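One letter stands for each residue in the lines below.
Protein chains: 2
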Amino acid sequence: MKIPPVKGTRDFYPQDMAVRNWIIDGWKKVSLRNGFEEYDGPIFEYLKMFQIKSGDEIVEQLFSLTDRGGRELALRPEITPTLARMVNQRINSLPKPIKWFSVPRLFRAERPQKGRLREFFQWNIDIIGVENGLGKCLADAEVIFATVDYLRQVGLTSEDIRVKISSRELLADYLGSLGIPEEKLEAIYVVLDKKNKLPAETFEQMLGEQIPDNKIVHKILDFMTVDSMPQLEELVKLKSKPGEYSGKLDVKLVLDNLDMMGVGDFCVYDPSIVRGLAYYTGVVFEVHDTDGELRAICGGGRYDDLLRDLGGPPISGTGMGMGDCVLEMLLEKKGLLSKQVSKKELDYFVACVAGFGKEAYRIIAKLRSMGYSANFSYKTASLSKQLKEASVHNAKKCIIIGPEELEENKITVKDMATGQQELVDYDEFLSGSHSA
Amino acid sequence: MKIPPVKGTRDFYPQDMAVRNWIIDGWKKVSLRNGFEEYDGPIFEYLKMFQIKSGDEIVEQLFSLTDRGGRELALRPEITPTLARMVNQRINSLPKPIKWFSVPRLFRAERPQKGRLREFFQWNIDIIGVENGLGKCLADAEVIFATVDYLRQVGLTSEDIRVKISSRELLADYLGSLGIPEEKLEAIYVVLDKKNKLPAETFEQMLGEQIPDNKIVHKILDFMTVDSMPQLEELVKLKSKPGEYSGKLDVKLVLDNLDMMGVGDFCVYDPSIVRGLAYYTGVVFEVHDTDGELRAICGGGRYDDLLRDLGGPPISGTGMGMGDCVLEMLLEKKGLLSKQVSKKELDYFVACVAGFGKEAYRIIAKLRSMGYSANFSYKTASLSKQLKEASVHNAKKCIIIGPEELEENKITVKDMATGQQELVDYDEFLSGSHSA
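As you go down the protein sequences, you meet chains H and C in turn. Under the working numbering, the letters of the first sequence match residues 133 to 568, in that order. Under the working numbering, the letters of the second sequence match residues 133 to 568, in that order.
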C-alpha cells in the first residue's frame, strides 16, 4: 500500500537537509555571537494558551488535538507564548535582561501557498526584561541588528532587502486622533496588516467594514502611504517635548540606534507595517525583499503585556521571527544557496581487492573511531569501480588494500585531488601516527 | 492566566538545551563519520501509514489529529515508516546502499514514566538496499558498530553497557520446531519482548494466554535464559550446512564482523531480545546498561518487508533507534554529562563609562559582524559592576571604553583569565587588524 506525504509538509532528502542545516546553523551562529542563549519548548501546548493572546488569525490556523485524558492541545503555531510561559515559570531566578533564541518547528493548518507551508522552521530571538524607555529602544534595535547581521552574513545587501519599521503606539495615537475608540484597534490592526497582501479595492472594502466613515478611511490610507521619512521628522517635531521621553517616538530612537550600529542603510520608517499578531504594543517591523515579489522575510516587535496576560509580572519583551520558506526562496533567487551550502564529503574511502574485506572493516572502524569519516563499498567490485564510488562520495583520500601491500604490511593511500599515491606502514597508520 | 506545560513534555531552558545540543551534535558527528547522510520527514503523517506495519503497541500510543479536510493524521511515534515512504518515492534514482541518519522528534501518547516521555528525540541510522546474506550481516554489524562508536565516544565502556544481539529468524525457527504456527508469531513476539520489563509471574501468565501448553511455555523460557554463547555455538553446529548460507545463523556472522571491527567486547548473543515492533524479520538487538537499572538505551534490527508493505519493492533494511531520555539518565549517572557539556562563553564583553554607550554599540556591532560573540550591559552601572556581569557571561575578554581612552583614540582590552590589560588603537581594533 502506497501512502503519500501530507500536503503542505516537506520531505528532507539529504540534499534538502543540507540546505536546512546550513540555514539553521547560520541562525544559531549569529544568535550566539549576538549574545543570545538557546532554548526550546514542547511541540504542543494547551490550546487555550494560544487563544489568550495570539489573535484570531493564528488561532483559526491551529492544528488541535485531544489527548487520552481529554485535554485540548495544539501544535505550536509560534513560540512566543511558550517563551512567555517559560520565563514566567522562573521569573525570579532568571537574570535580566533575558536574551534567548530558538529555532522551533511550527505548524499552521491553513491551505499551503508559495512560501507558506503547514510545517516550517522559524528563527526566533527575544529580549525580555528591559523596562526603561531608552533601554527598550536599544533592545528593539539589537533584535533588528541581529536580524540584519544574519541576512548580511548570508550575502544579502541593502540593495536586496529593506527593514521597514513602524510603531503600534504611534499608529494608535494617530487613529485615536481620528476619533477611533481603543477597543476597535485590535480588529483594525488585523485589517491594516493585510494592506500589502490584498488588492487595493478588497483592502479598502475590508477597512470600510471596520470604519464606516470614508473620509477617515482615506486619512488612514494617506498616513500609511505618504513619503515616510519626512512624515517621521514632522511627527518628532509635533510629539516631542524637550527633555521628555515619549513612547510614540520610539521608532525614531530605534532608527538612530541602528544607524550607530552600522546598519542604518538597511532600515526605513514605514507606517504601513502593522503586523497581524494581537500582542504587539510598540515598535513593529518587517524585512522585505526590495523587489517586493515575496512575502515578508521576517517580522517582529515589542510586546509589553504578553507575560502579564499569561499569568506573569508586567515585564516587557521584544523579538523577531524568521521562517525558513521565504528566506530560502530569496536566497535561491539571488543565487546565494548553491555556492554556500557545502557538498557532502568524506575523509577516506577504503577500497580493497576481493578477499581482503576483513582488513578493510578493521581500517574503517579504526578511522571512524579516530574521528575521520570513512566509507567503503558493499559490493564486491573491481578496484576501478570502487575508486569510482569513492568519487561519488567526494572522498578526499582513498585507501587501497591488496595482497602486495599487505605482504609488506603496508597500505596505499591515494590523494583523490592530486592522484598521488603513497605506500604507508599498516601498523603505523592504524596507530594514528600517520597524519591524515 | 497561568498555563502549565503539558505533562510528559519538556521545557529546554538554556542549560537543558546545552545538554540536548551536545547529545544531538554527537549523534550527528558519529553518523557522518560512519558514512551516513542526514534526512528528515514531517512531524505528522497519515495515520494509516503507522497502522500498516508498526504493530499494535505503537499504534495505541499515537497522538492522532484530524485536519480541516477531514484527513486522519498522527504525530510520528517513530521515523522508520517515513524513511520507507521516502525511499520508495525515489527508489529508482537513489544509489544503493542507502545509508541515512536522522534525529527526529517523536511522540507517544502514553502515561509518562521514568525515561519514557510523551515527546523525545531519537537518533536513527539505517542501511537500505543490501540484498545478499553476507552483505546484510555486514550492514547489521555496521549499524551496531556506529551505535557503539557513539556510546564509546561519550565515555561509556564495555563495563558500562552491553549490546545484546538476537535473531527473529532463529527464534521463529525454534518456535516453529515447538509446533507454534507462523500466524501466531507476531502476537507472541509482543509478549516475549516484555520478558525483562515485567515480573516473571505476570510475564508467564501473559505468555500462557498465547500458548496454552505449559510445557512449551517453559521450553521457550529456557531457550531465552540459558547461558547464551554456548547455545549459539551449538545452534551453529546444528543449523549450518557446509558451504551453505543460512539466515538463521546471521547473528553469529554479525558477531564475527563486530569482532573484526574491534567492538566484540561490547557484544553478546542474547536470545531474550525480541523487540516489540512488528516489522523486524532478522537480527535484532538492544543496548542495555550492565547494571540493568534502566530501560534499553537503544534497539534495532533488520526489516526485510517494510518497504514492500508500504508500496515499494522488496528491498531489505536494517537500522537502530536511540532515544535521548534513557541515554541522558545513564550519562548523568556515570558522571559523563557535566564534564563534557560545554559551558556558555563569550568572546567579548563591552563595558563603558556612562555616556559612552554609542561607542559601545558601535564596537559590539562591529565585533559581531567580524564573527565574535559580544555582549554588553543594558543597565547604566559602574565599571566594576559591568566587569562582574562580564564574568557571569564567562567572557574571555572585556573591552573598556571611557573618556581617557577615547581622548587618545584608544580602548582598553582586558584578558579576563589573566587580568592583563592592554591599550589598543580604536580604529585599528575596529578594522579587525588587532588579533583577538
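I should point out that these hints are in silico values taken from the structure, not numbers from a laboratory. Please read all numbers here as calculations on a predicted model, not as lab measurements. Ideal placement from N, C-alpha and C gives every residue a C-beta, glycine not left out. Be careful, since some hints might not be right.
[As the list claims (entries may be wrong)] Dumping the calculated BS3-like pairs for lysine-lysine here, alpha-carbon to alpha-carbon at most 27 Å:
1) C:161 <-> H:134
2) C:160 <-> H:528
3) H:160 <-> C:471
4) H:139 <-> C:180
5) H:161 <-> C:475
6) H:475 <-> C:161
7) C:161 <-> H:228
8) H:134 <-> C:228
9) C:161 <-> H:529
[What the hints assert, rightly or not] Cβ-Cβ distance ranges computed for the label pairs, FRET-style:
10) C:153 <-> H:425: 33 to 39 Å
11) C:388 <-> H:192: 58 to 64 Å
12) C:319 <-> H:551: 19 to 25 Å
Right, here's what the structure says about each hint:
no.	hint	result
1	C:161 <-> H:134	violated, 33 Å
2	C:160 <-> H:528	holds, 20 Å
3	H:160 <-> C:471	holds, 23 Å
4	H:139 <-> C:180	holds, 15 Å
5	H:161 <-> C:475	holds, 16 Å
6	H:475 <-> C:161	holds, 16 Å
7	C:161 <-> H:228	violated, 35 Å
8	H:134 <-> C:228	holds, 21 Å
9	C:161 <-> H:529	holds, 19 Å
10	C:153 <-> H:425: 33 to 39 Å	holds, 36 Å
11	C:388 <-> H:192: 58 to 64 Å	holds, 60 Å
12	C:319 <-> H:551: 19 to 25 Å	violated, 59 Å
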